[in-house]
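Enquirer: In case you want the letters, here they are:
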Amino acid sequence: MRRNNLLRTIFIVASLLWAGYELYPTLRVSQLKNQLSEKASKLAQAPGLQPEAVTDALGQGTLDGLVQQALAGRSPDSLQKAQQETKALIALYDQVARLEPEALRRGLDLQGGTYLVYEVNLVKMFGDLAKNKDQRFAELMAQVEKAAREPNADFFEVLQSAFDDTGIKLSRYWGSRIENDTKILEDMRKEAEDGVQRNLEILRNRIDQFGVSEPNIAAQGDRRIVVELAGIQSVERAKGIIGKTALLEFKLEKDPEVAQDVFAKINTWMKGTLKNIRPALANGDTTKADTSALRARQDTEVAVDDIFGTSVLVSDSGKAGNDSTVLVDKDVFREDPFYSLLAGSGRDVAVPVKNYRTVDRIINTPEVQEIVRNADAQFLWSKETFKRGDQEYYFLYLAKREPELTGEKISDARTEIGGGSSMTAAGQAVVSMRLNSEGAKIFADVTGKNVNKRMPIVLDNRVASAPNINERIPSGSAYIEGMGDINEANDLSIVLRAGALRAPMEVIEERTVGPSLGQDSITQGTQAALIGLGLVILFMAIYYKLSGLLADLALVVNLVLLMAIMAFFSATLTLPGIAGIILTMGMAVDANVLIFERIREELRTGKTVRAAIDTGYDRAFWTIFDANLTTILTAVVLYQFGTGPIRGFAVTLIAGIAVSMFTAIVMTHVVYDFVSTRRTLKTLSI
Amino acid sequence: MQFFRETHIDFIKIRWYALSMSVLIIFAGIVSMVIKGGPKYGVDFLGGTVIQTHFPAVPDLGQVRDAVAAAGFGDAEIKTFGERNDVLIRVQEQEGGAATSDEIMNVLRQRFPGNSPEIRMVESVGPKIGKELRTSAIWATLFSLVMILVYVSFRFEFIFAVGAVVALFHDVMVTLSFFSLLDLEVNLTVVAAFLTIVGFSLNDTIVVMDRIRENRRLVRGSTIENLINLSINQTLSRTILTSLTVMVVVLVLFFFGGEVIHGFAFAMVIGVIAGSYSTIYIAAPLVVEWEKRRVLKLSRAKA
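First to last, the protein sequences are chains A and B.
Convert by adding 3 to the 1-based position in the first sequence; the result is the number in my numbering.
Convert by adding 788 to the 1-based position in the second sequence; the result is the number in my numbering.
Worth flagging that the hints you see were computed from the coordinates, not collected in a lab.
Each residue gets a CB set at the ideal place from its N, CA and C atoms; glycine is no exception.
Where hints are given, some of them may not hold.
Stated by the list, open to error - Covered stretches of chain B, as calculated for chain A (at least 3 residues, CB under 8 Å): (1) 867–880; (2) 977–988; (3) 993–1003; (4) 1046–1053.
To be verified - Quick list of in silico lysine-lysine cross-link-like pairs, DSS-like style, CA-CA up to 27 Å: (5) K36/A / K149/A; (6) K919/B / K127/A; (7) K149/A / K193/A; (8) K149/A / K1085/B; (9) K916/B / K193/A; (10) K1085/B / K867/B; (11) K444/A / K390/A; (12) K268/A / K444/A; (13) K824/B / K247/A; (14) K1090/B / K149/A; (15) K610/A / K685/A; (16) K36/A / K247/A; (17) K456/A / K127/A; (18) K444/A / K412/A; (19) K90/A / K172/A; (20) K127/A / K916/B; (21) K548/A / K134/A; (22) K403/A / K127/A.
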């Protein structure tokens, strides 16, 4: 027994030393991080930068440039001072970055950040890939989409049964005619799988370039990708970078004659379907439309119902409510309903923002789609709105269906600040792209053949910019203008470099915690833990006197070891995790309460102190063991079922209970033994 | 210091009163759930988006509502929580999924240029995920009960295991009832609390059962009522002490742990009380009734 205790003592001391070793980086990092944020906000003060921008730039390694840009034009003195501060800050950041992997990680909920689950939208993916799309196809896919939304529904099974029911072969839309359904389905499955894997790689690449420390990107099941980004300030920018498909296409604008023809056909179609034009408007004092160009628009509001007659369109539910009226030129409306919704200006067709949804619905009707398809054309909206006078407009482009070039042929994309050359406005951020040799050849060819036409650069089906081709461009470089700010340009460069996603994705779950809430949570969590710990310690000391203090010691050691174990296993500390720790403290004393109550009982039966202690421990052991093991069982279930924060809670609970068995049973017993062998105890402070 | 020396309280005697109280609470809870059409699920289980924003200055809620409606969410729920410049926006599930939070924040920033809100928290769950989480939460709770049934039967006796599991089920139902009666939201963390309650309550039950097992060997010729009463009295001091310490920390969590952990802490407060109570008044009486019937059957067979 004695020798055994020596071993136990050595083990206890060793485990405490180990805990100190494991926890040192955590303490040091939190110390350094405080210094870091202090210095960052100090630096941010001087040039009038946002502290968040400074931290973000630090992560992306662009701080130097940011500071220089912000301080442009200031005195050389202040510039030099800021540069020194920047250097110190970067050095500190590197130090933190080196130590951080060894420190106890804080969960998203404690440092701010975001947890995103993306799901590949197979309906959209294969909808895009399909050929010979017709009305029938749209109906079928709508049906498939609805059925696939059920939990546990498999897209491919749903697809097959939908096609089987109608007797249409899959080969009508996918694969080649000689292939049977089974083969096509098999190929589709493979394609979906590939898509997820490729997306995963592209996302890793993008996030890496965005500069997030220790991102967690993983596939979940076969359709989902989980992205965890801790400690980032600009969640929305990150989401923009991750979720953007970033399909870049260079297209050619249709000739004006073709465009005029298409518009006229749409106008005629609309006129034919319009029925219920309000009498008041129809009989108004409108003179016949004056088609000469120099005429101010005479805008008036018209109910959307009037435009669509009664049932031309399926209304898109949910969002229809806020654009019940549109703006039309009342002089033109009656004769030319479609033209009245638009506002031409030079080569551009502009659409007032208020009319955007309505026009979008019109150009997406099957009838209009057919008109457009017959002209081998496609309508495209501008990405941004433009202000002309006091109205905001979207531009509407009519481009050739097939792209001349796609983003796959881009070898590099960088942000540049325009110098005021022919291509770029001075001081404006642009994205400059370099094409690979094959791309450059095609580009030179296309530009050479289409001088004085416009070439819309289309990003995810929106026109990002529509430069005019002034001459043949042999260099293989192109620009996208119209960036809102340098961040937008940087983000676009990143996604263009990393490439387009193979399969379109949607966010199906998001949990974001702002940095301020994270800070509050950690403050409140720590506070609650300390108060809880204090109260339990006080209570035990009062109730069990010296023995209570011994239990308190065990409790503190328990806490330290628990944190060390978490650091060792690179577990993540979450807010529920802190709750778990607090709860473990309540439960850990249970073991000591059981033992002490047993010892008290034994003492009452008249046993000696030594005998009472030994019997107390013996008797209580199995009770504690059974009780704790069952709790661990439920914690294991919790771990299996939970995600993120809940798992953190389960892990702390399991580790805490396991450690408490050691500290509450073994450690306290050794101390009792130590005391009771030195001198014969007549009474026990319990 | 000692709260209890030797107590001789006849717990088993009043078991029917206790049982009727439990039944009453659970019945009230079930009625309330039926009326309200199930528990009040949070975004986790229902799908939808909740955004907690913080405005530098107190905003006009009407304007916030207008802005959110302009983003296309006319039926959004908008209210303050905590401080008057903390605004919570809740939107029903949308087809577009989590893009909604960006749309709403963009519009808010445009409409409040001088008072641009900051994101405190976003929780957005697609309808599919909501359903999945709901089923997996139910499975997790059931699965943990089955595991307990197996382990306790293995370590003790089958009837003890049944008593323990019925007691645990009782605890979860009571907590759920309180949540429904007080119109509180059931989300993922609350389910985590349920499972923790299961763990804690079981801990308590095992300690008493362990004592019963031990006393059965030591005290011969006693009726099962007396045996169980004795065991409960012997462990009463420990039961109260442990419940008290856990209660103290749970209350600290409730009052100081912050808003995120509030639901969890509240569930734990109810659960800790229910857990200690159910050992004495649900698990033990069940064992008593079972044993009495068994003894009766045995004596009939002999006669």
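Enquirer: All hints, please: hold or fail.
Expert: Hint-by-hint comparison with the structure:
no.: 1; hint: 867–880; in the structure: violated (count 0)
no.: 2; hint: 977–988; in the structure: holds (count 7)
no.: 3; hint: 993–1003; in the structure: holds (count 5)
no.: 4; hint: 1046–1053; in the structure: holds (count 5)
no.: 5; hint: K36/A / K149/A; in the structure: violated (49 Å)
no.: 6; hint: K919/B / K127/A; in the structure: holds (22 Å)
no.: 7; hint: K149/A / K193/A; in the structure: holds (23 Å)
no.: 8; hint: K149/A / K1085/B; in the structure: violated (59 Å)
no.: 9; hint: K916/B / K193/A; in the structure: holds (24 Å)
no.: 10; hint: K1085/B / K867/B; in the structure: violated (63 Å)
no.: 11; hint: K444/A / K390/A; in the structure: violated (37 Å)
no.: 12; hint: K268/A / K444/A; in the structure: violated (37 Å)
no.: 13; hint: K824/B / K247/A; in the structure: violated (41 Å)
no.: 14; hint: K1090/B / K149/A; in the structure: violated (67 Å)
no.: 15; hint: K610/A / K685/A; in the structure: holds (11 Å)
no.: 16; hint: K36/A / K247/A; in the structure: violated (32 Å)
no.: 17; hint: K456/A / K127/A; in the structure: violated (32 Å)
no.: 18; hint: K444/A / K412/A; in the structure: holds (11 Å)
no.: 19; hint: K90/A / K172/A; in the structure: violated (65 Å)
no.: 20; hint: K127/A / K916/B; in the structure: holds (17 Å)
no.: 21; hint: K548/A / K134/A; in the structure: violated (82 Å)
no.: 22; hint: K403/A / K127/A; in the structure: holds (22 Å)
Hint violations for this structure: numbers 1, 5, 8, 10, 11, 12, 13, 14, 16, 17, 19 and 21, all remaining hints satisfied.
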